[in-house]
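These protein sequences, in sequence, are chains A, B and C. When you read off a place in the first sequence, starting at 1, and then add 7, the result is the number in our numbering. When you read off a place in the second sequence, starting at 1, and then add 7, the result is the number in our numbering. When you read off a place in the third sequence, starting at 1, and then add 7, the result is the number in our numbering.
The hints are simulated quantities; they were obtained by calculation from the structure and are not laboratory data. All values derive from a computational prediction rather than experimental measurement. One thing to keep in mind: the hints can contain errors.
Claimed, not checked - Not everything, but these chain C residues come out facing chain A in the computed CB check (under 8 Å):
| # | residue |
| --- | --- |
| 1 | P135 |
| 2 | A140 |
| 3 | S166 |
Glycine residues also receive a C-beta, built at the ideal position from the N, C-alpha and C atoms.
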Amino acid sequence: MIVLVTGGARSGKSKLAEARCLALGLPASYIATAEIFDDEMRARVDTHRARRGSEWRDFAAPLDVVGALAATEGQGPRLIDCLTMWLNNVMYHGLDVGHETARLCAALQAARAPVVLVTNEIGMGIVPDNALARAFRDAQGILNQEVAALADEVLLAISGLPVRVK
Amino acid sequence: MIVLVTGGARSGKSKLAEARCLALGLPASYIATAEIFDDEMRARVDTHRARRGSEWRDFAAPLDVVGALAATEGQGPRLIDCLTMWLNNVMYHGLDVGHETARLCAALQAARAPVVLVTNEIGMGIVPDNALARAFRDAQGILNQEVAALADEVLLAISGLPVRVK
Amino acid sequence: MIVLVTGGARSGKSKLAEARCLALGLPASYIATAEIFDDEMRARVDTHRARRGSEWRDFAAPLDVVGALAATEGQGPRLIDCLTMWLNNVMYHGLDVGHETARLCAALQAARAPVVLVTNEIGMGIVPDNALARAFRDAQGILNQEVAALADEVLLAISGLPVRVK
Numbered sequence: 008m009i010v011l012v013t014g015g016a017r018s019g020k021s022k023l024a025e026a027r028c029l030a031l032g033l034p035a036s037y038i039a040t041a042e043i044f045d046d047e048m049r050a051r052v053d054t055h056r057a058r059r060g061s062e063w064r065d066f067a068a069p070l071d072v073v074g075a076l077a078a079t080e081g082q083g084p085r086l087i088d089c090l091t092m093w094l095n096n097v098m099y100h101g102l103d104v105g106h107e108t109a110r111l112c113a114a115l116q117a118a119r120a121p122v123v124l125v126t127n128e129i130g131m132g133i134v135p136d137n138a139l140a141r142a143f144r145d146a147q148g149i150l151n152q153e154v155a156a157l158a159d160e161v162l163l164a165i166s167g168l169p170v171r172v173k
Numbered sequence: 008m009i010v011l012v013t014g015g016a017r018s019g020k021s022k023l024a025e026a027r028c029l030a031l032g033l034p035a036s037y038i039a040t041a042e043i044f045d046d047e048m049r050a051r052v053d054t055h056r057a058r059r060g061s062e063w064r065d066f067a068a069p070l071d072v073v074g075a076l077a078a079t080e081g082q083g084p085r086l087i088d089c090l091t092m093w094l095n096n097v098m099y100h101g102l103d104v105g106h107e108t109a110r111l112c113a114a115l116q117a118a119r120a121p122v123v124l125v126t127n128e129i130g131m132g133i134v135p136d137n138a139l140a141r142a143f144r145d146a147q148g149i150l151n152q153e154v155a156a157l158a159d160e161v162l163l164a165i166s167g168l169p170v171r172v173k
Numbered sequence: 008m009i010v011l012v013t014g015g016a017r018s019g020k021s022k023l024a025e026a027r028c029l030a031l032g033l034p035a036s037y038i039a040t041a042e043i044f045d046d047e048m049r050a051r052v053d054t055h056r057a058r059r060g061s062e063w064r065d066f067a068a069p070l071d072v073v074g075a076l077a078a079t080e081g082q083g084p085r086l087i088d089c090l091t092m093w094l095n096n097v098m099y100h101g102l103d104v105g106h107e108t109a110r111l112c113a114a115l116q117a118a119r120a121p122v123v124l125v126t127n128e129i130g131m132g133i134v135p136d137n138a139l140a141r142a143f144r145d146a147q148g149i150l151n152q153e154v155a156a157l158a159d160e161v162l163l164a165i166s167g168l169p170v171r172v173k
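Using the sequences provided together with the hints, build the complete structure.
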């Protein structure tokens with residue numbers, strides 16, 4: 008069972024994804040892809056952790072989401088939040104996006120316990136001026152298509168509400 | 008009866024919202040949140056007013072939408088166009104966004120006659136370079152979620168057509 | 008039969024539109040609106056052409072989409088990819104957008120064989136800084152509304168999947 012929750016910034020994606028994940032079983036694993044660079048980010052992560060409560064076990068996987076899926080297999084549903092930050096980390100560290108995407112998709116297809124993934128819609132504004140932003144936008148769109156193709160369920164968050172896409 | 012109509016720029020939101028509002032009763036009150044700074048804007052507002060026709064009574068509420076809702080209570084449905092301009096005015100005048108949003112939501116929940124609100128989707132492009140744009144985008148997303156949560160009906164305008172979200 | 012497929016960058020619009028067009032009959036005509044300025048673009052077009060395969064006959068119409076519709080009438084369905092590039096060309100060459108849009112809409116309404124059109128959602132990001140981008144965004148939104156109004160079917164591509172709008 009693979010669920011993809013996509014949407015714009017502050018569209019309520021994470022909240023929808025958390026609820027969807029908890030509905031799939033308990034306890035749940037929270038796989039965070041944000042890299043913690045400083046105390047401010049550490050504080051934000053701690054705040055989020057406190058909000059989520061004791062149903063969740065926390066994992067950090069800025070790059071190795073495939074390893075985190077293996078480590079949490081057989082222990083309830085997993086939430087990966089989010090693919091946009093993961094893609095950013097993959098590109099920032101100079102890894103091969105196509106190769107990493109293929110590894111992720113293979114791991115999702117092999118997963119036995121449910122996986123809920125959060126991603127972003129970033130391609131519905133004006134074409135960005137700078138080439139890096141355009142390259143990121145293209146990579147994000149292709150990643151979203153590949154994960155959506157293998158997902159059992161795809162939801163688009165609009166103003167905090169889910170629109171069923173698949 | 009609270010209806011939220013969201014969508015991108017030039018997606019036909021206002022036209023859908025006007026039609027939805029008129030279907031809820033006559034006469035209807037049009038609560039404009041745009042601030043009129045100059046003759047050009049005055050001319051635009053006059054043009055819009057002429058287009059809308061005699062079913063509408065016009066009110067201007069760049070900030071005090073809560074007061075406008077009170078003033079138009081019991082006189083048919085109200086259309087607030089739009090929350091994005093209102094949020095812009097709230098931030099520009101240095102008011103507390105959280106406090107103003109809470110006041111607005113309380114007024115909507117207390118309203119007896121129907122209210123239709125127009126807002127914008129602004130979070131589906133690339134992350135903006137400047138911090139003010141990011142802050143505005145976050146505030147808009149949170150405002151949209153709060154109003155959508157209490158709305159009876161939420162529509163997303165795509166190419167002038169409504170997609171039912173709630 | 009007029010079908011409009013809209014969506015963000017890299018949302019899988021073209022692939023959905025190609026499949027929808029081929030389902031409407033064979034052979035199909037591919038009407039490309041991209042202007043070929045250099046060898047790099049020529050190579051890209053050749054790559055796309057090879058991918059599409061022999062079901063397609065190719066036409067180029069950076070501006071004269073109306074003429075291309077006339078030239079391909081009675082020979083199976085037509086795919087116009089895309090309206091955003093066409094609008095860009097119309098504005099770049101200083102033609103009257105309103106007049107060209109009206110001509111296009113009249114040709115679509117007069118068409119006997121099916122037409123599938125691809126367009127873009129570009130109005131869901133932050134308001135662009137520069138006036139040209141805002142003008143383009145407005146023109147794109149109005150064009151999308153006009154074509155959607157006369158279309159029999161409108162699809163929104165999200166992560167490669169179609170959301171039925173009309």
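Here's how the hints hold up against the structure:
The closest approach between the C-beta of P135(C) and any C-beta of chain A is roughly 5 Å, which is under the 8 Å cut-off, so the hint is satisfied. Checking A140(C) against chain A: minimum C-beta separation of about 5 Å stays under 8 Å; hint holds. This hint holds: S166(C) has a C-beta 4 Å from the nearest C-beta of chain A, less than the 8 Å allowed.
Of the numbered hints listed earlier, not one is contradicted by the structure.
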